[in-house]
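4 protein chains.
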Amino acid sequence: MTESKTIYTVRVGYADTDQGGVVHHSVYLRWLEQARIEYLRERGIDFRRLEKEQQLTLVVVDLHARYRSPARFDDLVDVHVWPARATSVSVLFGYAIHRGDTLLVEAEVKLACVHLGAGTVHRLPDPVAAALA
Amino acid sequence: MTESKTIYTVRVGYADTDQGGVVHHSVYLRWLEQARIEYLRERGIDFRRLEKEQQLTLVVVDLHARYRSPARFDDLVDVHVWPARATSVSVLFGYAIHRGDTLLVEAEVKLACVHLGAGTVHRLPDPVAAALA
Amino acid sequence: MTESKTIYTVRVGYADTDQGGVVHHSVYLRWLEQARIEYLRERGIDFRRLEKEQQLTLVVVDLHARYRSPARFDDLVDVHVWPARATSVSVLFGYAIHRGDTLLVEAEVKLACVHLGAGTVHRLPDPVAAALA
Amino acid sequence: MTESKTIYTVRVGYADTDQGGVVHHSVYLRWLEQARIEYLRERGIDFRRLEKEQQLTLVVVDLHARYRSPARFDDLVDVHVWPARATSVSVLFGYAIHRGDTLLVEAEVKLACVHLGAGTVHRLPDPVAAALA
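Residue numbers (the working numbering), protein chains in the order written: chain F, 1 to 133; chain X, 1001 to 1133; chain V, 2001 to 2133; chain Y, 3001 to 3133.
In short, the hints are calculated from the structure, not lab data.
Here the structure is a predicted model, which is why all the values come from computation and not from measurement.
Virtual Cβ for every residue (Gly too), placed ideally from N, Cα, C.
One thing to keep in mind: the hints can contain errors.
Claimed, not checked - Among chain F residues calculated to face chain V with C-beta under 10 Å, some are: (1) 34; (2) 46; (3) 73.
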């Protein structure tokens, strides 16, 4: 499904770095999260309303990241995101983070649809499932 | 009220640093927050229960910090915290962060008691007011 | 000097929130930082090159923030930043963070010019001083 | 090598949570990092000195985490860490994060030894290799 892809561009902040002089490895996870929110927005899904009106959220259950090359302060990086696989209650997003032609990070994140009140797994709402198809 | 003081000790993590080689200035705010939670715990106030059972929280409304000397990775720093002033709906905590004899940061943080549902200012519960007296 | 102002717009991420349902108060500091970097960029100062080529950085020495109203997940917020005062070795930036017409946070941050190697205060380079004039 | 294990205990802070009411998934990475620093400290390796005196650091190159159950504000969680495998230039740490008897997260993190100046992969110093054996 890579034809259905969103590219989220982010400027690396000073606070994103650590004393090794590169972006701390935990920071990329925030970018992955924001990229999938933008992916959904571009397909008509407002994640804020999903939580507020339907009490449903997407919870990270599995995360795999391979760090190839470090991002640095003030870089503009492109986070490519696409749904790689989906079930009735979960979705696996694939990611590739680039700075220009350089691949920085590859990742997959599996998210489960969870009801915020009950904390139980829930079927993905039809519009969300459609956005991931 | 400096006779009523708590000292919260924290080890500086790698992720707390930035590429300048020191702790990022925003990180100290997390330590101040944790220190006041420990201050309350030592006086019998469980902040988690305050939120859950009474739907009350403490919200930062004013913050002043003076950075004297930087903390560095792996330092053990002591966060001294005490209530400097309180009203029926708010409290001003004073702070001094030290590494050994070196003063790193001085700060004051004013917090208002707010009802989580309504978002409105609320009288401090009596046990909290007593803990701050 | 409010005629020389930059507006930096940021989308609130999910990770920026806390369990109180609003943006954590420490997150705004990252936005203030990014806003002043953009302020300098718009006036020809590349902060990354300043650090790399001249070994000079700007270090936060004093911070005052007044939180008026909370930002929330997915908000688009505008960070207004302007130099309020400058000396030969420091600058005080003023800030106002808005969501539409609503004022969220007002802040002032004083930064000192510091040599990264020596850790000593240093005169602001002429181009930086000019950008702040 | 699970007989050689360190347990790092951490109190969940308020800032570690998100508006879903649980710890944000990126926060666990900071705990994993701190746990491996403590693992090394218990075996005589001072990570700060490794960087300062030998210009060597450990860089995350591969990360896999499985989130089983969420940590919550004010929980005391135990991060179990052990070296699962090592080569002459890298180490794979295994992790299990628990709250009491409840397994919260399982993870593996592969780190490469890298020279801070050159950015190139470097042989693990003998004392570090011994601590991981």
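Status of each hint after checking the structure:
1. 34: 5 Å, holds
2. 46: Holds: closest Cβ of chain V sits about 8 Å from residue 46 (chain F), inside 10 Å.
3. 73: 6 Å, holds
Hint check: no violations occur; every hint is consistent with the structure.
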